[in-house]
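Protein chains: 2
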Amino acid sequence: MKPTIRDVAKMAEVSISTVSRVMNAPESVVESKRVRVLEAIEKLQYQPNSFARGLIYKKSFTLGLLIPDIENFYYTGIIRGMQDACIKLGYSLMICNTDRDKNRLLSYIDAFHEKQVDGIVFASDVMFPEYYEKLVRCRIPFVLLSTHSDEYEVPSVEVDDEEAAYDAVKFLIELGHRDIGMIGFNHENSISGPPRYQGFIRALNEAGLEHNVEKIRCATHRFEHAYHAAHELFTDYPEITAVFCVADEFAMGVISYLKDRSILVPGQVSVVGFDNLRIANMFIPKLTTVAQPMYDMGYRAAEKLHELVTTGTVRVLREKMEHKLIVRESTRQR
Amino acid sequence: MKPTIRDVAKMAEVSISTVSRVMNAPESVVESKRVRVLEAIEKLQYQPNSFARGLIYKKSFTLGLLIPDIENFYYTGIIRGMQDACIKLGYSLMICNTDRDKNRLLSYIDAFHEKQVDGIVFASDVMFPEYYEKLVRCRIPFVLLSTHSDEYEVPSVEVDDEEAAYDAVKFLIELGHRDIGMIGFNHENSISGPPRYQGFIRALNEAGLEHNVEKIRCATHRFEHAYHAAHELFTDYPEITAVFCVADEFAMGVISYLKDRSILVPGQVSVVGFDNLRIANMFIPKLTTVAQPMYDMGYRAAEKLHELVTTGTVRVLREKMEHKLIVRESTRQR
DNA sequence: AATCGCCTTGAAAAGGTTTTCTTGAAAAGG
DNA sequence: CCTTTTCAAGAAAACCTTTTCAAGGCGATT
Numbered sequence: 001m002k003p004t005i006r007d008v009a010k011m012a013e014v015s016i017s018t019v020s021r022v023m024n025a026p027e028s029v030v031e032s033k034r035v036r037v038l039e040a041i042e043k044l045q046y047q048p049n050s051f052a053r054g055l056i057y058k059k060s061f062t063l064g065l066l067i068p069d070i071e072n073f074y075y076t077g078i079i080r081g082m083q084d085a086c087i088k089l090g091y092s093l094m095i096c097n098t099d100r101d102k103n104r105l106l107s108y109i110d111a112f113h114e115k116q117v118d119g120i121v122f123a124s125d126v127m128f129p130e131y132y133e134k135l136v137r138c139r140i141p142f143v144l145l146s147t148h149s150d151e152y153e154v155p156s157v158e159v160d161d162e163e164a165a166y167d168a169v170k171f172l173i174e175l176g177h178r179d180i181g182m183i184g185f186n187h188e189n190s191i192s193g194p195p196r197y198q199g200f201i202r203a204l205n206e207a208g209l210e211h212n213v214e215k216i217r218c219a220t221h222r223f224e225h226a227y228h229a230a231h232e233l234f235t236d237y238p239e240i241t242a243v244f245c246v247a248d249e250f251a252m253g254v255i256s257y258l259k260d261r262s263i264l265v266p267g268q269v270s271v272v273g274f275d276n277l278r279i280a281n282m283f284i285p286k287l288t289t290v291a292q293p294m295y296d297m298g299y300r301a302a303e304k305l306h307e308l309v310t311t312g313t314v315r316v317l318r319e320k321m322e323h324k325l326i327v328r329e330s331t332r333q334r
Numbered sequence: 335m336k337p338t339i340r341d342v343a344k345m346a347e348v349s350i351s352t353v354s355r356v357m358n359a360p361e362s363v364v365e366s367k368r369v370r371v372l373e374a375i376e377k378l379q380y381q382p383n384s385f386a387r388g389l390i391y392k393k394s395f396t397l398g399l400l401i402p403d404i405e406n407f408y409y410t411g412i413i414r415g416m417q418d419a420c421i422k423l424g425y426s427l428m429i430c431n432t433d434r435d436k437n438r439l440l441s442y443i444d445a446f447h448e449k450q451v452d453g454i455v456f457a458s459d460v461m462f463p464e465y466y467e468k469l470v471r472c473r474i475p476f477v478l479l480s481t482h483s484d485e486y487e488v489p490s491v492e493v494d495d496e497e498a499a500y501d502a503v504k505f506l507i508e509l510g511h512r513d514i515g516m517i518g519f520n521h522e523n524s525i526s527g528p529p530r531y532q533g534f535i536r537a538l539n540e541a542g543l544e545h546n547v548e549k550i551r552c553a554t555h556r557f558e559h560a561y562h563a564a565h566e567l568f569t570d571y572p573e574i575t576a577v578f579c580v581a582d583e584f585a586m587g588v589i590s591y592l593k594d595r596s597i598l599v600p601g602q603v604s605v606v607g608f609d610n611l612r613i614a615n616m617f618i619p620k621l622t623t624v625a626q627p628m629y630d631m632g633y634r635a636a637e638k639l640h641e642l643v644t645t646g647t648v649r650v651l652r653e654k655m656e657h658k659l660i661v662r663e664s665t666r667q668r
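So the protein lines, in turn, are chains A and B.
Mapping of the first sequence onto the working numbering: residues 1 to 334, in sequence order.
Mapping of the second sequence onto the working numbering: residues 335 to 668, in sequence order.
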């Protein structure tokens, strides 16, 4: 059987209280006994039972992460950052992939509740009232990542989507493009959809290019959808010479479509993506894109959640992270 | 505070034993009390404390997954499969990304031990004696995924790497290629490196193409390394018209290198990858590759681990999964 | 009518740790 | 040398659940 504190105590010939003290307040026990206990711990490969501990502390030292789609490359960076932060903070991390399924998400919240995770970071999804209410009923603190809530006061960390989109489109305009399209997210079930669209519009208006305002098609996260959306976009507006995509995966879809139509990128059409996934730098052509600091965002979200969990509140509610336009090979002067 | 079984008992005016029974053996309590208890549970949003439970059952109903590199697209499929299996089996999943760091891996094992996960699936890494011994010392059951051990008797699930590599190279030969190179894994710290190399050699020998045996360069998992390795390979052997890559990411690296050298793929050189990652179908050109059933492998690994955890043993020790060559656009008849 | 047995229920122990309370001993102060 | 203070360390309670054991009540059987 797994050795318990009792076994250690017996071997070291002290009481279990002393063993406990050696682990939690070593300076309070005299050296001779301390070394005996330490030796016993080592010899028995003793590891305190986290169930017993959890029972007392009412804490699991575990954080939960809820992501919509693990196959989306966006989240791998987030995960790394969050995991590193967890290591630093002495927490474990539990990752759950909802596959964009409402019921699944709800049941993961139950699982988190049962496992008594100390807090949850909720990534990218819309914070529906159902989710919110369940979370507060379960008394689980949570922060939002790459999303936010207008209705509720929930801490969040994200980039400035409007500004980022604006920068991307402005870049295209400065390159001399006058006919610009966009592949966006559906507005109903996405948080970043509307602001990125706003940014697109603002850049257009500012440059007097309002005639492009309609040149937008929506896709739902996947390459194939973006390919299809590109087909629609270019069928309706063959004059387009540049397209702003709200995700790198969309940019790849668009470029693949253009490739199949034998339209050169960036020769005839420029394409800019969003996120700066690792593949953005591997694709042919390498993607010009607006980078989100995924790693830092994951890291920051974990820190913020920790702040919330330990202090009960958070110094800055909505945290904006820096985005940055990265110019590579998928765009060109017109 | 979080309601306990006591609060429920009080509200329903029964003993805590009765409450426990309605949750674990409902038929053993008379209907009138049962409904009272159920109502109280509902009203209080009661959720049993998993620490107390774990203390009794000595089980956490959690499985651990150890992966070397979450940024490698290979693992996302694994994770999905394993998570789905966990849901089916009533387990939670804890994913840890070691970043190929030995110490980190060791400390994750400690974390798993402390959290008392019921079992671990250990993916892709070499099972060093240090790992093995630690795992058995901690008495944590584990299975190997996409790796195996020659020294120890450990359950594993993986594809037949030798055969899969053989199939890929044979395909290239059948296409008429006579000068074939390979981008492989380093043999020291990879399990699939040697068998894939063997497969390459066997296909070559069988076709009387032994003169290619030296045309191999190694890379360590990343695109950039593969790019560099391709540079070396083509500098030394400019006659090569086909290259077998042991990872899709390597194939992308090679193709990018050839692109920069203005060598057409598949026009002048054919490239085949390995894994069939989601991007294999998004890249330009779409990759010909030998597919691994990542989802199924993750799923199967979880099932196998569950079998091991519950029965103490496993019916088939080393499980081979089916691979399959998928022909797309990166290869062509010579 | 009495006994047996079954069903339902409550009391209590067990599981492993932390922490408070208590006690005994040693150090410090007069 | 005696009293007070400080310190180390053990005993026991608490955390929340499950499960065993015991008991009470009731119907059925003889």
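There may be inaccurate statements among the hints.
[Said to hold, decoys possible] DSSO-like mimics (lysine-lysine), calculated; alpha carbons at most 27 Å apart, straight line:
#1 Lys59(A) / Lys392(B)
#2 Lys10(A) / Lys392(B)
#3 Lys436(B) / Lys58(A)
#4 Lys58(A) / Lys344(B)
#5 Lys134(A) / Lys377(B)
#6 Lys392(B) / Lys2(A)
#7 Lys170(A) / Lys286(A)
#8 Lys344(B) / Lys43(A)
#9 Lys58(A) / Lys392(B)
#10 Lys58(A) / Lys393(B)
#11 Lys88(A) / Lys377(B)
#12 Lys422(B) / Lys286(A)
#13 Lys324(A) / Lys170(A)
#14 Lys170(A) / Lys59(A)
#15 Lys10(A) / Lys33(A)
#16 Lys620(B) / Lys59(A)
#17 Lys620(B) / Lys134(A)
#18 Lys658(B) / Lys102(A)
#19 Lys102(A) / Lys43(A)
#20 Lys393(B) / Lys43(A)
#21 Lys259(A) / Lys593(B)
#22 Lys2(A) / Lys393(B)
#23 Lys59(A) / Lys377(B)
#24 Lys336(B) / Lys58(A)
#25 Lys422(B) / Lys134(A)
#26 Lys88(A) / Lys344(B)
#27 Lys10(A) / Lys393(B)
#28 Lys259(A) / Lys620(B)
#29 Lys468(B) / Lys2(A)
#30 Lys43(A) / Lys392(B)
Read the hints as simulated data drawn from the structure, not as lab findings.
Here is how each hint holds up against the structure:
1. Pair hint Lys59(A) plus Lys392(B) holds up; C-alpha atoms about 18 Å apart against a cutoff of 27 Å.
2. Between Lys10(A) and Lys392(B) the alpha-carbon distance is near 22 Å, which keeps this suggested pair within the 27 Å criterion.
3. Proposed proximity of Lys436(B) and Lys58(A) is contradicted: the alpha carbons are some 32 Å apart, above 27 Å.
4. At most 27 Å may separate the alpha-carbon atoms for a hinted pair to count; Lys58(A) and Lys344(B) meet this at roughly 22 Å.
5. Restraint check for Lys134(A) and Lys377(B): the C-alpha separation of about 14 Å stays at or below 27 Å, so the hint holds.
6. A distance of roughly 10 Å separates the Cα atoms of Lys392(B) and Lys2(A); the hinted pair therefore holds under the 27 Å criterion.
7. This hinted pair checks out: Lys170(A) and Lys286(A) have alpha carbons roughly 20 Å apart, not beyond 27 Å.
8. For the suggested pair Lys344(B) and Lys43(A), the alpha carbons sit about 46 Å apart, so the restraint of at most 27 Å is broken.
9. Between Lys58(A) and Lys392(B) the alpha-carbon distance is near 18 Å, which keeps this suggested pair within the 27 Å criterion.
10. The suggested pairing of Lys58(A) with Lys393(B) holds, with an alpha-carbon distance near 18 Å, which does not exceed 27 Å.
11. At most 27 Å may separate the alpha-carbon atoms for a hinted pair to count; Lys88(A) and Lys377(B) exceed this at roughly 39 Å.
12. Pair hint Lys422(B) plus Lys286(A) does not hold up; C-alpha atoms about 41 Å apart against a cutoff of 27 Å.
13. The suggested pairing of Lys324(A) with Lys170(A) holds, with an alpha-carbon distance near 13 Å, which does not exceed 27 Å.
14. Using a Cα cut-off of 27 Å, the hinted pair Lys170(A) and Lys59(A) is violated, with the two alpha carbons roughly 49 Å apart.
15. With a C-alpha separation of about 12 Å, the suggested pairing of Lys10(A) with Lys33(A) holds against the 27 Å cut-off.
16. Restraint check for Lys620(B) and Lys59(A): the C-alpha separation of about 49 Å exceeds 27 Å, so the hint is violated.
17. Annotation: proposed proximity of Lys620(B) to Lys134(A) is violated, straight-line Cα distance about 44 Å (limit 27 Å).
18. Proximity of Lys658(B) to Lys102(A) is assessed by CA-CA distance (about 34 Å); at most 27 Å being required, the pair is judged violated.
19. Restraint check for Lys102(A) and Lys43(A): not satisfied, since their Cα atoms lie roughly 49 Å apart, outside the 27 Å limit.
20. About 24 Å separates the Cα atoms of Lys393(B) and Lys43(A), which keeps this hinted pair within 27 Å; it holds.
21. For the proposed pair Lys259(A) and Lys593(B), the alpha carbon gap of about 15 Å is at most 27 Å, so the pair holds.
22. The straight-line distance between the Cα atoms of Lys2(A) and Lys393(B) is roughly 12 Å, inside the 27 Å bound, and the hint therefore holds.
23. With a C-alpha separation of about 24 Å, the suggested pair Lys59(A) and Lys377(B) falls inside the 27 Å cut-off, and the hint holds.
24. For the hint linking Lys336(B) to Lys58(A), the alpha-carbon distance of about 10 Å falls within 27 Å, and the restraint holds.
25. Note on Lys422(B) and Lys134(A): the hinted pairing holds, with a Cα-Cα distance of about 23 Å set against a maximum of 27 Å.
26. For the proposed pair Lys88(A) and Lys344(B), the alpha carbon gap of about 42 Å is over 27 Å, so the pair is violated.
27. Using a Cα cut-off of 27 Å, the hinted pair Lys10(A) and Lys393(B) holds, with the two alpha carbons roughly 25 Å apart.
28. A threshold of 27 Å between alpha carbons decides the hint, and for Lys259(A) with Lys620(B) the separation of about 12 Å falls inside it, so the pair holds.
29. Distance check on the hinted pair: Lys468(B) and Lys2(A) sit about 14 Å apart at the alpha-carbon level, within 27 Å; holds.
30. Distance check on the hinted pair: Lys43(A) and Lys392(B) sit about 22 Å apart at the alpha-carbon level, within 27 Å; holds.
In summary, the numbered hints that this structure violates are 3, 8, 11, 12, 14, 16, 17, 18, 19, 26.
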